[in-house]
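Take the given structure of chain G and dock chains R and X to it, following the hints.
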Amino acid sequence: MHHKYDVLVVGAGGAGLMAALYAAKGDVSVAVISKLYPTRSHTGAAQGGVGAALGNIGEDHWEWHMFDTIKGGDYLTDQDAAEVFSKDVIDAVYELEHMGLPFSRTPEGKIAQRKFGGHTREFGKAAVERSCYAKDRTGHMILQTLYQQNVKEGTTFFNEFHVLDLIIENGRCCGVVAFELATGEIHTFQAKSVILASGGYGRIFKITSNALTLSGDLMSIYYRKGLPLEDMEFYQFHPTGLTKLGILITEGVRGEGGILRNKDGERFMERYAPTIKDLAPRDMVARAIYTEIRAGRGCGPAGDHIFLDLTHLPPEQLDAKLPDITEFARTYLGIEPYTDPIPIQPTAHYAMGGVPTNIDAQVLRNNTDIVPGLFAAGEVACVSVHGANRLGTNSLLDINVFGRRGGLSAAAYANSLAAHVDLPDNPVDDVVALLQRLRDGGGTENVATIRSELQETMDAHASVYRTEETLKQAEVDIAGLKARYVHVGVADRGLRYNTELLEAVELGFLLDLAEVMVVSAKARNESRGGHFREDFPHRDDVNFMRHTMAYKDGGDIRLDYKPVVQTRYQPMERKY
Amino acid sequence: MIKAKSLTDARSQAGSNNELTWWIFMRISGLLLVFLVLGHIYMTFIQVSESDATYDAVVSKLSNPAWKFYDWLILVLAVMHGVNGARYSIEDYVRSRPNRFWVKGVFFSVVGIILVLGTVGLFSIR
Amino acid sequence: MTVTQERPAVEVADHQQLVTLKIRRYDPEVDPEANWQEFQVPVEKGDRLLDALHHVKWYLDGSLTFRRSCAHGVCGSDAMRVNGVNRLACKVLVKDLGGRDGDTITVEPIKGLAVLKDLVVDMDPFFEAFKSIKPFLITSGNEPTRERLQSAEDRARFEDTTKCIMCAACTTACPVFWNDEAYFGPQAIVMAHRFIFDSRDEGADERLEILNEKEGVWRCRTTFNCTDACPRGIQVTKAIQEVKRALIFRKV
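Residue numbers (the numbering used here), protein chains in the order written: chain G, 8 to 583; chain R, 89 to 214; chain X, 19 to 270.
FYI, nobody ran anything at the bench for these hints, they're computed from the structure.
Do not take every clue at face value.
[Claimed, not checked] With beta-carbon atoms standing in for the labels, derived distance ranges: (1) G:G65 <-> X:K256: 36 to 42 angstroms; (2) R:A166 <-> X:D142: 40 to 46 angstroms; (3) X:E56 <-> G:D547: 55 to 61 angstroms; (4) G:K94 <-> X:P162: 15 to 21 angstroms; (5) G:T113 <-> R:N172: 48 to 54 angstroms; (6) X:V30 <-> G:E541: 37 to 43 angstroms; (7) X:N160 <-> G:P570: 52 to 58 angstroms; (8) G:R500 <-> R:S184: 34 to 40 angstroms; (9) R:G193 <-> X:K256: 34 to 40 angstroms; (10) X:D142 <-> G:A498: 55 to 61 angstroms.
Computed from a predicted structure; not experimentally measured.
Positions of the beta carbon are idealized from the N, C-alpha and C atoms, including for glycine.
Bound conformation, chain G alone (with noise of 0.2 angstroms):
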């Protein structure tokens, strides 16, 4: 079936439902595709805040935002994307209130804040309150305000269709393939303006917070057709998951004043971050961690995890402001909060990397040309406002301002176009066949073996700590999986929501992005935010102050690099 629109946004979590919203101002007509329904994205689980110098509590000032940002990036970041972001997020927070977003409130009736790791005051003095919040739901109560707006202004969904494809003719992108999963039938959507708003590949590790969906499906098609993926080696291990699960438990519950304890009962962080302590950056901490645990200080028989804990806390503060993490903690560990401590481990949480786009969300396929008609906005993009680690909040800062951008950006271009661009003659040529091979392939490896193998060795030999060594090993055991990827094999024939083929598709992203990140990073002779070389422990500025570049090329995977922009703050030592 052919479907045709100006605006095409793909994805329905904060980012997505953001540019929707903006897009429809422009007078165009919109639809969102989504895998999921809109309410099911994984904007939902997040849960600390949304930080913006509103400077209810504290005084505060976009400046300090903007240093934070800059600094908690490891100075990757790009300062002009930085200057836009953080004097945008303060309209973007009042906006969110305005469409209905019921934040905490401070006693004199405004929007509450917390503490969170890596925002400070005057430049890295002390611990401010940015991160505005709703309880320990913010994402969820952001994916609903927006969702509900979109039911308000009436847009176009397209639910549980599942994009395979973009149609880029002669270097400008013309609309999408996509996949309904309730009949199998293809779609062919054209249109003037596509939105990549589809989120992350948590998915390539094990222990991660990541949805099961989130397979980084519209990075890797990007990727295919052999257009870059920014700083891939970059991706953040936020440093408190329930242990073995990997459900979130977020910085808020530091920003409240939770503390990490090893088996000493010692309050490790005072050693590594003296300042801020708890709330140093998720890299910092994530790394302390899993020093803590290398040096027999871990908890537990098997020493492989640290304590969260909140025992010193009144129970009436978790109740008022973390009562759905004290919930997690009982419902999938059986621990009581109140006088336990919650059993944490680094889980993989969000990608720096992605699509590269300059901070009109527009989508660059090499160090400074667009490809017209093609933006990007939220995890799936790098823009780069996170450079080498994201702070906690800036990610739903990032879907709301650069939603915002992406939804103006796209309805302006689609504007400026006479009449769309012709598809090409066979637009579902690829996907016919790739799903025809999966399905009738008749191969015998099982994708599930396949992708929890992919999770292990990305664990153990990618994750936090790196090495030349075990980014080789990864390598190996990823070109190994490729191999046995060729032969998997399908056992539901039938159309009707075929998930097992899905799975089976979004397999075959995960090995791409897994194999990106591990040769972007084993190039990256440095240690920088979320990227840790052991052989290499310390940030080289002379060579690799620069963007990581990775093309396809043919079989293999050609690099590049793209300066950073720097404008008002020059990098320093980064200690907190």
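Chains R and X only, in chain G's frame:
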């Protein structure tokens, strides 16, 4: 499914049904019936001994219009309360429109007859 | 009809136990009738029901179909009827379902919505009901430059109903909804409650009139199934009663 597109639509559709009134009626009649029936039981079985409960005694008591009204109130409230409760059940469980029409029609007719007979019987006592 | 798979004995490691999942299967492309199928699944102590279902899908029968995403009870994809009551598969542990050695756990799709395949139901009527109560903040006049003020007490008034993740566990646990697809069900009322009792909202009258319609809030029989089913612990029946009270006294 709700079809109202505007407040006026919603108001006119909501105005065309008495569900709110019935809901309140069920609460009030239920409460009243508790006291009325308890009073009735007290007067019939406790206050009066077995030998006194003759036909003549009942007739003489009911010749008082106040007691006539008391019994009639029990009759009407109980029947209406019961009938509306049964209507809820019919609407919950009889889904086909023609079936529902006939079930309700027969049920309401029977109850109507009972109500009329009861009233006639009560007021024919002089 | 119950089909038991003909398989060699499943290997069970020391730290695992074997449970039987009895799953309601339906795939009109294969068989126009739904039937029960049993699977033997090894589970560990902390395993969610979702993990057991994944074991079946990934290693025993790839055609088993169900929705899932976040796997920790915040996205609302995997509501299903487990041992006769509505639960999120990712928010209930197998051991809490009496999942000891040899026990059987029954898993069916949620009731009252058309089954499309196995545990996947047609969610569209559910979302249509949600949309009908105007689920968005309604205000008039100009927006303030900064945030609207709202006291912590006013915010607490509707806290409970903001937790809803639209998993449909409440609506599909409601006996009235099973028999009357026109009734818009507990979830839509919960969503209306979230706005009616928000001090910033000016659309309460409009929503109350909608809820006062024939298939509206008066269809509720107060069976508390919805409250029992809610994986977020929302006091659903209480919220519905508060809406009824607001309708009677016309005061929010």
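Evaluated hints:
1. For the pair G65 (chain G) and K256 (chain X), the supplied restraint of 36 to 42 angstroms holds, since their beta-carbon distance comes to about 38 angstroms.
2. At about 44 angstroms, the CB distance of A166 (chain R) to D142 (chain X) agrees with the hint of 40 to 46 angstroms.
3. Distance hint check for E56 (chain X) and D547 (chain G): the Cβ-Cβ separation is about 59 angstroms, which falls inside the suggested range of 55 to 61 angstroms.
4. In this structure, K94 (chain G) and P162 (chain X) meet the distance hint of 15 to 21 angstroms, their C-beta atoms being roughly 19 angstroms apart.
5. Remark: the range hint 48 to 54 angstroms for T113 (chain G) to N172 (chain R) is upheld by a beta-carbon distance near 49 angstroms.
6. Distance hint for V30 (chain X) and E541 (chain G): a CB-CB separation of about 39 angstroms, consistent with the stated range 37 to 43 angstroms.
7. Taking the beta carbon of each, N160 (chain X) and P570 (chain G) are about 44 angstroms apart, not inside 52 to 58 angstroms as hinted.
8. Between R500 (chain G) and S184 (chain R) the Cβ separation comes to about 39 angstroms, which falls inside the hinted range of 34 to 40 angstroms.
9. At about 37 angstroms, the CB distance of G193 (chain R) to K256 (chain X) agrees with the hint of 34 to 40 angstroms.
10. Remark: the range hint 55 to 61 angstroms for D142 (chain X) to A498 (chain G) is contradicted by a beta-carbon distance near 28 angstroms.
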